[in-house]
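Construct the complete structure from the given sequences, taking the supplied hints into account.
Those protein sequence lines, which keep their order, are chains A, B, C and D.
Here my numbering is used: the first residue of the first sequence is 457, the next is one more, and so on.
Here my numbering is used: the first residue of the second sequence is 457, the next is one more, and so on.
Here my numbering is used: the first residue of the third sequence is 457, the next is one more, and so on.
Here my numbering is used: the first residue of the fourth sequence is 457, the next is one more, and so on.
Hints in this document: simulated from the structure, not taken from any laboratory.
Computed from a predicted model, the values in this text were never measured in an experiment.
One or more of the hints may lead you astray.
Unchecked claim - From chain C, some residues computed to sit far from chain A (all C-beta separations above 10 Å):
| hint | residue |
| --- | --- |
| 1 | Asp548 |
| 2 | Arg563 |
| 3 | Lys597 |
| 4 | Asn620 |
| 5 | Glu629 |
| 6 | Asp685 |
Unchecked claim - Simulated crosslink set (DSS-like; lysine-lysine; CA at most 25 Å straight-line):
| hint | chain 1 | residue 1 | chain 2 | residue 2 |
| --- | --- | --- | --- | --- |
| 7 | A | Lys458 | D | Lys483 |
| 8 | C | Lys476 | B | Lys458 |
| 9 | D | Lys458 | A | Lys528 |
Claimed, not checked - Per the computed footprint, the stretches of chain A lying under chain B, defined by three or more beta-carbons under 8 Å from a beta-carbon of chain B, are:
| hint | stretch |
| --- | --- |
| 10 | 596-610 |
| 11 | 686-700 |
We put the beta carbon where it would ideally sit given N, CA and C, even for glycine.
There are 4 protein chains.
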Amino acid sequence: MKPQIAQLGYVALESSDIEKSIAFFQKIIGLELTEKVGEQYYFRAWGDFQHHTLSISPGPKGRVKHISFRTKRSEDVDLFAKQLRGKGYEIDIAEAGTTPGIGRAIRFSAASGHRIELYYDVLKTEVEEHRRSVLKNQTYKSWANGISPRRLDHINIHTSAPGNTAYDFFIEELGFRMNECIETTDGQLLAGWMSVTPLVHDVALVAHESLETTARFHHISYWLDSSGDLLRAADILKESGLEFIGPGKHSISQAIYLYVIDPGSGCRVELFTGGYLIFEPDWETIVWRPEERALGNTYWGDSITGNSLIIPTIEA
Amino acid sequence: MKPQIAQLGYVALESSDIEKSIAFFQKIIGLELTEKVGEQYYFRAWGDFQHHTLSISPGPKGRVKHISFRTKRSEDVDLFAKQLRGKGYEIDIAEAGTTPGIGRAIRFSAASGHRIELYYDVLKTEVEEHRRSVLKNQTYKSWANGISPRRLDHINIHTSAPGNTAYDFFIEELGFRMNECIETTDGQLLAGWMSVTPLVHDVALVAHESLETTARFHHISYWLDSSGDLLRAADILKESGLEFIGPGKHSISQAIYLYVIDPGSGCRVELFTGGYLIFEPDWETIVWRPEERALGNTYWGDSITGNSLIIPTIEA
Amino acid sequence: MKPQIAQLGYVALESSDIEKSIAFFQKIIGLELTEKVGEQYYFRAWGDFQHHTLSISPGPKGRVKHISFRTKRSEDVDLFAKQLRGKGYEIDIAEAGTTPGIGRAIRFSAASGHRIELYYDVLKTEVEEHRRSVLKNQTYKSWANGISPRRLDHINIHTSAPGNTAYDFFIEELGFRMNECIETTDGQLLAGWMSVTPLVHDVALVAHESLETTARFHHISYWLDSSGDLLRAADILKESGLEFIGPGKHSISQAIYLYVIDPGSGCRVELFTGGYLIFEPDWETIVWRPEERALGNTYWGDSITGNSLIIPTIEA
Amino acid sequence: MKPQIAQLGYVALESSDIEKSIAFFQKIIGLELTEKVGEQYYFRAWGDFQHHTLSISPGPKGRVKHISFRTKRSEDVDLFAKQLRGKGYEIDIAEAGTTPGIGRAIRFSAASGHRIELYYDVLKTEVEEHRRSVLKNQTYKSWANGISPRRLDHINIHTSAPGNTAYDFFIEELGFRMNECIETTDGQLLAGWMSVTPLVHDVALVAHESLETTARFHHISYWLDSSGDLLRAADILKESGLEFIGPGKHSISQAIYLYVIDPGSGCRVELFTGGYLIFEPDWETIVWRPEERALGNTYWGDSITGNSLIIPTIEA
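Here it is in structure tokens:
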């Protein structure tokens, strides 16, 4: 049986201004701090179940060190290692605890140039009594601070890798399904929304030749339960003095969004709600042509247009 | 005791494509048809209490014939007539029934060039059993069709009248309070939000020299109860194939909005929710300077910018 | 010209557990602390314009000391004093500053037994830079803490005063309009929703013979902008370990509600959104008969039934 | 490789008053009619992708004929047949087209007594131009009529089958995961929330000895995108003269709900939003004890209590 990925795990972010980043993610976005080890901070949303879905550590500039996925089964970590080595990929091992809360992991560079980590074991982490939800199925009390999203949703990454190689890697090596894409009539993918779950995307990938570096990170997305919560988020961002894009609704994924940039790391965060789920076992990729890209990006509202879709990203 | 205006009454619209206008206001906006007399249609929202808040009749082009306000007391209609005649305004009388449902009224041209009607008596109009709300304080069942706003909120009109004369007329002759305005440091008003009620505006007025005609009509605004209803309205407009602006939030009035144009008459409709009420008896006008106009117009979201704020309007 | 009341001003609350009350109103309800003088706390919502809309001071038990309204004009304070003295009411004077932020006021006992204060002058109070909204028309940043309602809405009070005397006092002496009521067919009012503003009620009054004391206080109500905010409030209350009633929707007023009790004072707070406004100058009281009371109270949802409507209240 | 179920497919309902049922599901709930074959009606929500998610045909009384699931792969239909026959279950074959839009299927009685159908092939069905969404990834225009939910969510069924046999069948034979349950300390399940997807439940199962018949059907649940949509649904139900339970929020699943009964068939419909998704590959069942059942059922709001949870159901 082929190894499989179960879910997006976490993003390992470096920030050149750790104080600003912590203030942004903790007070404004309203993530919960799970653990702090020296200057490394581990965050998750109140409804996330894993030890963390975002780590932040100091660095010379804002960048994403790696993107981490969780496998379906314990043995899948090694099975992936074997499979990828067989294809010529160089695999590093990160022993359990290399990242707090995360078990034995493998790391490698995807065809897109992004550094990927795969793990299975993860701490769920105990929650202090005063922060714990009264619900047995919810980690923290909701609405404790700031925007207060429910959970990690997806990532959006960019690459200058040529052709469809970057997309193919996710599909063929990691088992993602291409749910929606923007594709030229001669088969060149311009953007792809891919998942291993019923979400329309766990990973969105955009290939763009003109990137400064091969692999870039466009945004990490956290989920809110309701559109009213997203409009409240807009108020909070505005009162925080931060510029943002949105609210708007994507046609692709049908989700309602805001985009704002962490002033510490330069990392973009998407706040996200609505959208549809794909339970169909025979889902056929929804193909948008380049001339439909504007509609695909924006069903209505304040939009991410042309350049702003690409720039700024941070190195990944 | 000086005569007073109680509330905005209705807008008398002419449309050059009456079928399109009726389809738009009845099926998409979701107003209730109160009465149809020949080719004249009388609409109100499900929570409006008067006979109609919008009338539509056929005409050679889209235009607003008059804007109608209701006085506080029956005697105020004649008191206003006397007061305005004393200032040299020409007053016409529209006997009861000239407009279905509306009692004896006076009509005159405001300093802004807009044709204004004042009346007191109005039919409340019986509602057919199957359309009547189960609530004793609500006219129709809500959510019967389309966007389904609760009630008329305000109008926005433009004029090329010079200086502050147009604003002064509303304040001095009709008793409006200037709640917010955009004003140059030497006292020239560029826009004013005025009311006789605790709403931030029953009337917004913009003076702009470059208008084709003296008096123009920018939009009629209908109120929705909740921001989620406004996002639903955006879906409905998009699926109807209509272009629109928003969602966004004004700083001035703090309301969340969409703008869409009736394809029959060219009349712009604002869908509107949120905002604040002014109960303070000593309210001091909030003054925005020209350089704050962008913030005043848009707190966040898809915005009405520069030209689109002015054009297109229809003649009034 | 008869003196008039412009708006509900504030409620002066005493609490037997001031720490609990402050934690409740500041952290959970999310009111803004304007001023603290010794052990007296002055709160308002982020969108309130006056110095405070709720004061809390320590006392031997939870009770409302007085309910304060603001007059339309400065001279109305003395005009009301004169008018009420003429009817035999005993009027006390509270010189400016007796209550921080509040100018010269008169105090008297209404026919319902409630202690009423009337004032005109009030401090607007400067806001510290970091708490001030980026909006020129909004006092504080919204969403700073807890439920974070926009503004004071209304009060609900109970009396054992016989017949309709308590209602008549508000209507005849203070100029309120009866917008909706529950009334027997022989004209005995069981409950009345009255206002001096377009709100359906600034004051709801319930006469009930069996009260322990003549004058009781049922709830103070704060307004939220959107129904989604009210459901978020339910989450916050639940996670705070507080019992509450709702969400539900009243037929009378058409508003959506939650009810929760301040654990310090025993004072009930209503969180409130939706509803309708009355701009009609000839509004006819909506009369609900006793057999319609259940529908009048509850259009849908978790309801305030029979006894819980009355009990517990606190002394006023 | 074991056969697997991909998703809940549809519910086959019989109604003793087909006109009432059609009016209810089409005009009030706002499902889309896909096809009508004689007196058999096929409905789906605007965001459902399959031919139908609810069929309604006339019958002597309201009952559910079968509940249908879709397999992950084409070959899984026969693999399930083989596996179940091996355990002694009697398998019937429904050739392609037995149900319009549905391919070759197998049918059998689950340990709970419910009639289950499994199929893989399904028509997606073309949509008429005027009903088709402008979105390439959405079937119909949303908000065309009534409450207008997005998609089928789950079913809730009851059985009088003893012990845990009914639960075990879903888990062991059909591959469901038990996500949350109410269980006595000696291991007797009282209720279980099970899924083959990241939804907390595709199927909720309640074992209750006192049922009139072995297998009962409690409700079919349709999903709405936002809590505001659910409150709008409450208004629509109230104005339709239908009684309903809610709004409330379950602790189990964390979803917000309304319950209403189809006046034609007696079948209960849940309108549903919010909740959480389970992507964790090592999810541990959340166990609620009988004394926690009230909290498990109701986080807040108008609740399903004691008897009403069980009664009325319809035969299945």
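Status of the hints after comparison with the structure:
no., hint, in the structure
1, Asp548, "42 Å, holds"
2, Arg563, "38 Å, holds"
3, Lys597, "4 Å, violated"
4, Asn620, "41 Å, holds"
5, Glu629, "41 Å, holds"
6, Asp685, "7 Å, violated"
7, A:Lys458 with D:Lys483, "47 Å, violated"
8, C:Lys476 with B:Lys458, "51 Å, violated"
9, D:Lys458 with A:Lys528, "16 Å, holds"
10, 596-610, "violated (count 0)"
11, 686-700, "holds (count 6)"
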